[in-house]
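Chain H: place on chain W using the hints.
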Amino acid sequence: MLKTFPKGGVHPPENKISSGVPIEAMPLPEQVIIPVNQHLGAPAEAVVEKGETVKAGQIIARSKGFVSANIHSSVSGKVLKVDKMPDASGYKQTSVVINVEGDEWLETVDRSKELKKNISLSGEEIIKKCAENGIVGMGGATFPSHVKLSIPQGKKCDVLIINGVECEPYLTSDHRLMIEKPEELLTGTSLLMKALGVNRAFIGIENNKKDAIDKLKGLASSYDGISIHALKVKYPQGAEKQLIKALINREVPSGGLPVDVGTVVHNAGTAFAVYEAVQKNKPLVERVVTVSGKGLDKTLNLLARIGTPVSKLIEYAGGLPESTAKVVNGGPMMGKALGSLEVPVTKGTSGIIIFRDEESRRKEKGPCIRCARCISVCPMGLEPYLLMTLTEKELYERAEKDRIMDCMECGSCSFTCPANRPLLDYIRLGKAYVGKIIRERKQK
Amino acid sequence: MNKLLTVSPSPHEYSRESTRKLMYGVVIALAPALLATIWFFGWAALIVTSVSVVSCIIFEYLIQKFILRIKPTITDGSAIVTGLLLAFCLPSNLPPGLVILGALVAIGIGKMTFGGLGNNPFNPALVGRVFLFLSFPAQMTTWPLPGGFNASFTDALTGATPLSILNENYDKAGIDVLMSDPELSMPGYQELFWGNMGGSLGEIAAFALIIGLGYMLIRKIITWHIPVSILLTVTVFTGILWLARPEANADPLYHLMTGGLLLGAIFMATDYVTSPMSKKGMIIYGTGIGVITVLIRRFGAYPEGVQFAILIMNAFTPLINIYMKPKRFGEEVKNG
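The listed protein sequences derive, respectively, from chains W and H.
My numbering applies: residue 1 is where the first sequence begins, and numbers increase by one.
My numbering applies: residue 1 is where the second sequence begins, and numbers increase by one.
Isolated chain W (complex conformation) (with noise of 0.2 angstroms):
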């Protein structure tokens, strides 16, 4: 029997049309844009002017605070401007637009292919070097990497996941990057487990990656504490919590984090992007984007410079087809979709999906029929119905009550409801209400 987490879950169709496509670098493009605020926390401060010439590799924004994040150029050329651009949630943020010159690149930063196993820095020298360089989750939350390897005080780490389980249908980055590059990955995680201070490492991957499985199984061998795990195929397999539950069944308290139970999760693509930084020197400047689609001609995982609009992804990939109606930054399940081509591949962008119309369109809504479809497949254990009953009835407080902050908008729900109910539209409602008055209760 695989693994899985017990509580709820879905299975939507696959769709990982690109898994056997390898990655492919994209060429560069003529300008790129890219925002200052790429990551959870606060945005970074842009230090670079208009007219400046810039490498690639070197910071354009510095982060501020703790949480927060650098950010470095990804393509050499000139500033043309720092100005607001609309980023991939449709607001304008303020961004760095360069005007691609060449691709020069900073001296330090080792671009061969010689993979480095040999681990000469400490754990602490570790975690600022994935500070400077950026690192970021790539999963698609983007919380700043060093923040989560620094344990607070207090609490205790014995166990470090590596989360390759990529349960979103379509998407397919993740599992290239295993395939692709087994030993940097490896290589990557046993970087973490030394800043983390632990000796044992779970990989976890759903078994429709049983190429990567076996890849990852056949060299792990040679890294000391780390074990892959097959895990059986179930969205959202892939959250956080749902993983820690499946591979090591400790349970995440509600309002906690994962630290609490002794573990950090952090993302193949993490892992990999921590091996450059630390190993390579080189800055998060470009990710693998799964551009995919069952109108596409063809779907390819491109290795994408940071701020290169998607248009030019598409573009790429043999241009939007005839039949799109929606094209979706990430996954179907969790991913946003897109009002406009023109901006950025981000650190979070893990996939541009292409939904023809026929794929995009919502059914009309009935009446609940109350057959607690959406109790059973809550990950969380809540009850959609009622959340989505009480925001509708502004029941905030009872909503509180009845869990409504420990949803995580995994659209499991929404996904099941055989009525088309709008349960997670009506959810993220009410958490933004409920949020709006945890914050005023606390101010008091």
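I should point out that these hints are in silico values taken from the structure, not numbers from a laboratory.
Every clue listed holds true.
Only pairs whose alpha carbons sit at most 27 angstroms apart, straight line, appear in this in silico DSSO-like list of lysine-lysine:
1. H:Lys-279 <-> W:Lys-3
2. H:Lys-325 <-> W:Lys-3
3. H:Lys-65 <-> W:Lys-363
4. W:Lys-232 <-> W:Lys-7
5. W:Lys-215 <-> W:Lys-16
Frame of chain W; chain H shown alone:
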């Protein structure tokens, strides 16, 4: 690339399940029992069933169109399910006029007064059935014996049901004595299983109902919690009574296969709208139905109690929903 794109919040992917598919799934699950009852009661069964289904659909349409003035939703299949279930708890010789009246009460009072699908506190089919049962006790408790298509509709042979014989003989004679009495002509286990006996249309053939249960479980229309907890409770409760005094009680197997128990446990109690939402709640609800059923059967005035048991527990459903929450993730910290 100046195309207008659809923007909507996630998720962007949806399952293929729909209310309509679920309802038609229940209809398919009811098909074996329908075929069995047509086999045993012939034209009479067909007439009662079709009158019930058609009048349920028509009443739903008329009420939605002319009284509520909303878009009729008769294609969602819920009226068909109500119609079938109502017919399944009626005797085969019930005059069509009474069937139509039952359908009007089921849809009109049982369902539409509360706002239609999803809002009714009581199972509509049972509301219709209980209304007929209390208003026309004579017609509702005359059970023609199976005669297939050869039986004439008007003067079919009628007989007492096993449960009413049991009801008269509790504390007097055990099941083995009653079954060996040729005058009572109590059906044996085989007849109970295949359905060759008098009774309401849908409740006679145990095997057909069990096929329906299997289908609904495999198709994931319902979960096991409600039917299993009802049947298990009835087995345990009647088992205790039987073991204590075999000379005065019927054995659990006989109880399980007679009357409307299987039909109720599999199709009526599992009605989404009127049953609890959490697994814990479902088990409490099912246990309650099991206990009340046996109490009414064994100690009450009526020979059969499933219908009342389900309606009583329907009334408790909102309360159960409030107190029986699913186990939240991260509620208790467990370190493995």
